[in-house]
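Chemist: For the sequence shown, position 74 matches number 92 in our numbering, and the numbering has no gaps at all.
No wet-lab data here; the hints were simulated from the structure.
Note that the structure is predicted; figures quoted are calculated from it, not measured.
Hints are all accurate, no fakes.
Simulated crosslink set (EDC-like; lysine to aspartate or glutamate; CA at most 16 Å straight-line):
hint, residue 1, residue 2
1, K161, D151
2, K161, E147
3, K161, D143
Label-pair distances were calculated between CB atoms; the ranges are:
hint, residue 1, residue 2, range
4, G154, A126, 21 to 31 Å
5, R172, T31, 37 to 47 Å
6, A20, S156, 34 to 44 Å
7, R92, D151, 15 to 25 Å
8, T27, R173, 41 to 51 Å
9, A127, W36, 23 to 33 Å
10, S156, A72, 17 to 27 Å
11, D143, D23, 26 to 36 Å
12, A89, W36, 19 to 29 Å
13, C155, D23, 27 to 37 Å
14, N74, A127, 29 to 39 Å
Just so it is clear, CB atoms sit at the ideal spot from N, CA and C, and this is done for glycine as well.
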Amino acid sequence: MAGRDEEFTAYVTARTAWLRRVAYLLCQDWHRADDLVQSAITRLYVHWRRAAAADNVDGYARTVLVRVFLAEQRGGWWQRVRVVERTPDAVAEPMDHAGGVDLRTALAALPPRQRAAVVLRFYCDLSVEQCADVLGCSAGTVKSQTARGLDALRRVLEPEFAEGEKPV
19 MAGRDEEFTA
29 YVTARTAWLR
39 RVAYLLCQDW
49 HRADDLVQSA
59 ITRLYVHWRR
69 AAAADNVDGY
79 ARTVLVRVFL
89 AEQRGGWWQR
99 VRVVERTPDA
109 VAEPMDHAGG
119 VDLRTALAAL
129 PPRQRAAVVL
139 RFYCDLSVEQ
149 CADVLGCSAG
159 TVKSQTARGL
169 DALRRVLEPE
179 FAEGEKPV
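All chains, full assembly: derive it from the sequences and hints.
Modeler: In structure tokens form, the structure reads like this:
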């Protein structure tokens with residue numbers, strides 16, 4: 019048991035920053051990312067023997083993290099409760115498309131499954147099949163969610179092409 023705990027602690031110590039970055043890309047909030055990572059680490063600890071025996075421990079941990087994020091999105095509490103550090107003092111100004119839109123802001127606007135597909139495909143550099151395994155869906159669903167997510171990002175990031183013009 020002590021060797022198991024030491025092995026788990028060493029893994030978590032080495033990979034927490036990476037898990038936190040992936041969680042942030044999924045949820046767009048550092049505090050919520052910390053909560054997601056904590057939940058994922060707790061689940062990982064419970065199943066550490068299975069995770070340690072996996073061919074790819076990072077892949078196992080990433081799968082747990084994404085599934086925690088998606089389960090939270092389905093849970094409903096996130097739609098009712100919005101945690102913010104402080105109340106905004108003024109009304110937000112309209113987006114300035116001429117100045118460009120930050121990729122993270124555009125990513126945050128995507129629905130959770132599209133955001134997860136885009137993050138897994140392009141940030142985590144997973145194949146379609148690996149994404150399908152993590153998301154628990156078919157490869158075709160990963161392709162369609164990724165395509166829809168990329169189209170939405172293009173519309174936000176390249177507004178001149180949103181009116182039907184094709185990029186060259």
